[in-house]
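When you get a sec, could you build the whole thing from the sequences and use the hints?
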Amino acid sequence: MLRVTDLTVRYGDVLATDRADLTLERDETLALLGRSGSGKTTVLRAIAGLVPMVSGSITLDGADLGPIPAHERSIGLVFQDFALFPHLDVGANVAYGLRMQGAADVENRVEEVLAMVGLDGLQRRRIDQLSGGQAQRVALARTLAPRPRLLLLDEPLGSLDPDLRRTLAGELKVMLDRTGVPAIVVTHDTEEAFALGDRVTVLVDGRVATTGTPAQIWSEPGTVEVARIVGHSGIVTATVAGGIATVAGLATSVEAPDGAVTLLIRPGAATIGGPIPTTVISSRYRGPDWVTTVALGGGSIEVSSPEPKVTGNKVDIAIDPSGVALLS
Amino acid sequence: MLRVTDLTVRYGDVLATDRADLTLERDETLALLGRSGSGKTTVLRAIAGLVPMVSGSITLDGADLGPIPAHERSIGLVFQDFALFPHLDVGANVAYGLRMQGAADVENRVEEVLAMVGLDGLQRRRIDQLSGGQAQRVALARTLAPRPRLLLLDEPLGSLDPDLRRTLAGELKVMLDRTGVPAIVVTHDTEEAFALGDRVTVLVDGRVATTGTPAQIWSEPGTVEVARIVGHSGIVTATVAGGIATVAGLATSVEAPDGAVTLLIRPGAATIGGPIPTTVISSRYRGPDWVTTVALGGGSIEVSSPEPKVTGNKVDIAIDPSGVALLS
Amino acid sequence: AGESESATVRLLTHDFFAVPDELLAEFTADTGIEVEIIRGGDAGIVVNQAILAAGNPVADVLFGVDTTLLSRAIDADLFEPYRSGAGARFIDQYDTAEGLVTPIDFGDVCLNYDTALLPNPPTSLEDLTAAQYRGMLVVPDPTISSPGLAFLLATIDRFGEDGPYTWRDYWADLRANDVQIVADWGAAYYGSFSATGTGSRPIVVSYASSPPAEVLFSDPPIDEATTAVIEDGCFRQVEYAGVLRGTPNREPARRLIDFMLGVEFQESVPTSMFVFPVNPAATLPDVFLDNTSVPSDPASLAPQVIERNRERWLTEWIDTVLR
Amino acid sequence: MTTRRASMLLALPAAVLGIAFFAWPMASIIATGIGADPGRVVDILGRGTTLSTVWFTLWQAAASTALTLLVGIPAAYAFARFRFPGRRLARIVVTIPFVLPTVVVAIAFLALMGPGGALGFDLAGTVWAILGAHVFFNLAVVIRTVGSLWSHLDPRLEEAAASLGATPWTVFRTITLPLLRPAIAAAAAIVFLFSFTSFGVVLLLGAPRLATIEVEIYRSAALVFDLPAAAILALIQVVGVTAGLLVYARYQERSGIGQHLLPAAATARRPVGRQRWLVGAAVGTALTIALVPIGMIMWRVLTAGGGLGLGSLRALGAVDPSVVDVPAAIGNSLRFAAVACALTVMVALPAAVVIASRRSPMGRWIDTLLMLPIGSSAVTLGFGFVVGLDAPVDLRAWWGLVPIAHTLIAMPFVVRSTVPVIRSIGPRVREAAAVLGAGPGRVWRTIDFPMLTPAAAGATALAFVISLGEFGATLFVARPGGKTMTLAIFGLFGRPGATNLSAAFALSLLLVVITGAVVALLERMRVPGVGNF
Ligand SMILES: Nc1ncnc2c1ncn2[C@@H]1O[C@H](COP(=O)(O)OP(=O)(O)OP(=O)(O)O)[C@@H](O)[C@H]1O
Ligand SMILES: Nc1ncnc2c1ncn2[C@@H]1O[C@H](COP(=O)(O)OP(=O)(O)OP(=O)(O)O)[C@@H](O)[C@H]1O
Ligand SMILES: [Mg+2]
Ligand SMILES: [Mg+2]
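Chains as they are written, first to last, in the numbering used here: chain E, 3 to 330; chain P, 3 to 330; chain R, 23 to 345; chain X, 416 to 948.
Please keep in mind that the hints were generated in silico from the structure rather than gathered at the bench. A few of these clues could be false.
[Claimed, not checked] Pairwise CB distance ranges, derived in the manner of DEER restraints:
1. E/Asp-130 - X/Leu-427: 33 to 39 Å
2. R/Ala-152 - X/Leu-706: 42 to 48 Å
3. X/Gln-690 - R/Arg-156: 53 to 59 Å
4. P/Asp-66 - E/Ala-117: 51 to 57 Å
5. P/Arg-151 - X/Gly-841: 40 to 46 Å
6. X/Gly-896 - R/Ala-303: 27 to 33 Å
7. X/Gly-896 - R/Arg-156: 46 to 52 Å
8. P/Asp-23 - E/Gln-103: 53 to 59 Å
9. R/Asp-200 - X/Gly-896: 42 to 48 Å
10. P/Arg-151 - X/Gly-710: 52 to 58 Å
11. R/Ile-244 - X/Val-808: 51 to 57 Å
Every residue, glycine too, gets a C-beta built ideally from N, C-alpha and C.
Pasting the structure below:
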């Protein structure tokens, strides 16, 4: 339903978004993952009509959004820092969009939406008296109330405590599924992107690096950058000769010309005990296991071990070749 | 070497720290873990002498710090968002503490410390021209330069991108080990606390809830609050009769009187296929596996599955009784 | 000469101008002319404002040109001639700059003294240099204060510019006798003067009308003033009104001047502005009669002389008294 | 975001007002004055008195500024960083002097440290009285301007310095002071301008020997009738002030430090230990300086006519309306103040919106230019109105000149107190409103307007009290109608008679009370967290 083609946005000299392509299907949630400054917010702002495009086009249900000003797009945007109206109470914040629509039964809808986000009865509460989690819910309620055609969420859980984040991520997913509004969720946290997104688009320096299902992104990040953003650490350099990439004791077949290649050894692919001798760099507890980082092929990889290993000691490991992917 | 006893700090009506006890041994790094507002920063500020204690005592190497003003304590503090001096350049920031000591060879020491944090040659750079990661390193360098007796780090990686955080956490650990300065690191991220801390102290509402090695905290959090903070989600209610706690199809022996108890089922303890029938709540990709949340005993637990499960479907699971802990 | 008559006349004047509202209302009722009063600071500022607008005036009538300002106003060709029939006879006692201005009131700047502290007041300017009166006189700065200037002019008139003992010599003696110079009349009268101020000096440069004002505005009421006037060394300042050249409202302007010469207005000036009426038909209120008299032989200098020498005199005064 | 066209439209009223009622009249009178006798320029410039007057003006302004900063900075610190009982009331008290008319202040100082003054020593005619009055007047400028930045400074910077081994004094010298520099410079610029062009205070407290350029201008214009001299002195003043302001603007541009500011509530705490003494001493000093002259007025009111009582209030009621019409004066003052408020809303607030929306140097330049009127000669401007405003419409004796002059004087303060609030609204909430379906007009109506209202109301109240207490510019404008309160006070002080004096003090007290009430209101309307003045 949403098609963003070749989107380029500049702030002065800064190329914030560079020929980005995105699509979003009906009933789908897309996660936009990227580092700070990679242009995630800018993409949302362009879709919402808050920043002019240098080039590119955005269509919603086939209609070009280009000439339509922000306030006529019916696209809901939850801001990174919520941007609640400080001079209005919770109820008035949620009612704001409804009033702009001239909706008939504002009171009831406000109650309904507040109940949906679990904040029944908080209508009269002042904005500065909300906790972080409550503010997040009010922001969501305010955006959902006028029934937008499309929902854009900018780091909706960004500033919350980790355990609250996990809880709210689950709730948010349920809510998005229930309302059925297609949504784009911006996050810099891979776990969150995977939990919320049916598909994930990874932005690097304003460009779309890759798009795919969480499983695709996780197992085949494609580039070193994406692999790092996803959180993989087992990135090593191997030498290819005749379709076989070799690094330390590991040999695996790859589709690459002779020369140096970068390989991703996925978490879990390396195990203790095996033919490959390595040196321990460090060891940390993860619960329930220890993660030991060992040097390998100019890089390092992590292996799980039931007990800590002493830095500098030797350990032999095995690597499952099916857990190896080629990066570019 | 550091002994904090019965520390209580108030801000007006707010009891920020409530009878907290802490110890720190030579060469040790202690991680202070807790939710936002739990008093982590306050503990550091009290140790640094930046906030008056209502009661309690702090001794460093046996000497009472109480009457010593902040600027004579020789305790290095890295602030939550760095608090770099915006009117000074990088070099002058790092040199500040040295100049206060009247140190002789300021220039060389600044170069040395900047080299240590990997920022050689950035002396003349303005503070507002630093990236987040660079600012973090400058803050660390500024604090390390005058060779403090004790290092306090307040969410040193708090505002950075996740992959940078992981990298820097590793570097930081190495640096702390290398300088040998005992340190307290505040964080709200369990993974970080486990990675950096030889021991971990968990604060809840200004009180020390528990202290232990990462493994102890992970496997025996002791209370529901700590379990949640650590990131556990498998918290269920069981009924005890004659030393046997029963929930759904699970029965495990506990040391508790008859009645209701709360149990932690640790991650990994539950597996698909077994005697206990449950209903799927949701399923999300984690890489390489899927995490399926199922309803159990008034709560929910997560099980790993190689493929997603459909919400509402039934799955049977097994729970390893050795993965169950009693919470209070 | 047949110009359009407006129902309003604008009177440009200083901030101390005051007139009872009833009188103005009466004037309007009698003539159909409304009076709009425009104020703009003290007399010096107002005259200068008028001069800057000479020929294209801001108002129709200017009131408040005094003896020290008259020459300058005339030089600037501020006024058009008007000789009011209302004051035909007594006007001629005053310098009207050949019929360009009309005298309205006069006031005498005189030394006042504290009757309680000084049973034997000085009787002449010369007495003030006597050891007996050392440290007793306070004078407002003639370079900023108009009564201060008037007192200076009185001394210049008395001692003259040449001869064995000039006004400069006199002021040098005053200085030697510890005269105090303060900013303005208020600072002298309400500051240093012992009778009405917080200070301890029993002789002050003020007005001949000050003692009756003390009675009139006393709280609690008193019958007799605690201050009195020293008759010697007074300086008379006449205040004039004139029709501003270029006024579109010549006739109403003239009516207003006639009105100001009328007995009713003239009788109001002692209590509203603490000056004496020029119209001999106006009777003085009792407090004036009881507590002061019009000094018989005040000093005065021709406006042209003042205008020609003022700057030099002030400079010389500064050199004599302040340097 | 305001477009270029919109911002030009918003800036238009201020530009028109500034050009028509300040720049043009000023230029006209200076041209007329110098044109009358161009040959005298060199002569007047070379005069010894000109040089010594300029020198005295400069150094007394510098000394006043230094002293005000010396007293004001500790008080700014106390008010900005600490919560203590009576803080709000104390802030109100120290603000009142700023809006008191110069006559009243000068008279209170004379009564205090003049001949036979209550303090027992006579400082009239010395520079000490002048400096004292300038400190009294301008304390609020420093406390509010510096205090406002201080209250937003991140205290952790100071704590970081302390934990690096810096003693409290070193922390202040090496961290706090450099970070406060922009606010200190802004406060210093205003105090310097006020002291540089000081008139009433210097006239009454400095005579006979001490005079500022402004007093010399008055002398030349009112007594010596030397218009060329007045014009040249006014020109020296304008050129000097402009040059000073340009240097100031450049300095501000250079020394601008991008720093992270916190909400004031996050930095204020209760004083503990030694801090109590510091806070007590700083606030005590400021309060004493503010209260002693005000107390002097009160004392005179209470003791008028001998014993303790309210005789002066009776005297105020008894003033002959044909001499000074007190009720009419109060009415006039309120009317002028109301018009100045309306003008502020129509002129200064739109200008503030423009300045707030431009982070470019342009905004700072406008901000700086707005200070010119307070650094210019009121006598000269009064003459300028007479010379410059005769065509196309004759406005020379228009009643509107007085409130317009008041608005010009209030403008820099109004702008400074509203710009930070407007900036604090931030684009984000406006965008939030837009995506919720609000068009630009509705965004302004439903977001900007209600959020600005408290600040705008505060700014308007500020304009109100500035107008109420204004004396210098009011006095020298040819104005129809009756007197204002300050002119009535001036008039009463200029007449003999005990009841007139009592009435003058009573009216001064009334002005203090009204001012205090409005300042209290202003304090209430302060938007927590922001606001520069
Ligand atoms: N208003 C602006 N003016 C100038 N540059 C901007 C502006 N907003 C963003 N940028 C720049 O554009 C780039 C993309 O910014 P954007 O906010 O879209 O990133 P983001 O991915 O949302 O980052 P974050 O995770 O930090 O929110 C960055 O380099 C940023 O510095
Ligand atoms: N200056 C202060 N004045 C009043 N209350 C304060 C102040 N500083 C902190 N508090 C309160 O004290 C409690 C503990 O705050 P503290 O900053 O120590 O928490 P924290 O664990 O560091 O939180 P975070 O993770 O958000 O940094 C909180 O309730 C906080 O609101
Ligand atoms: Mg963003
Ligand atoms: Mg903290």
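Exercise. Which numbered conditions among the earlier hints are violated in the structure presented, ordered from lowest to highest?
Worked result: none
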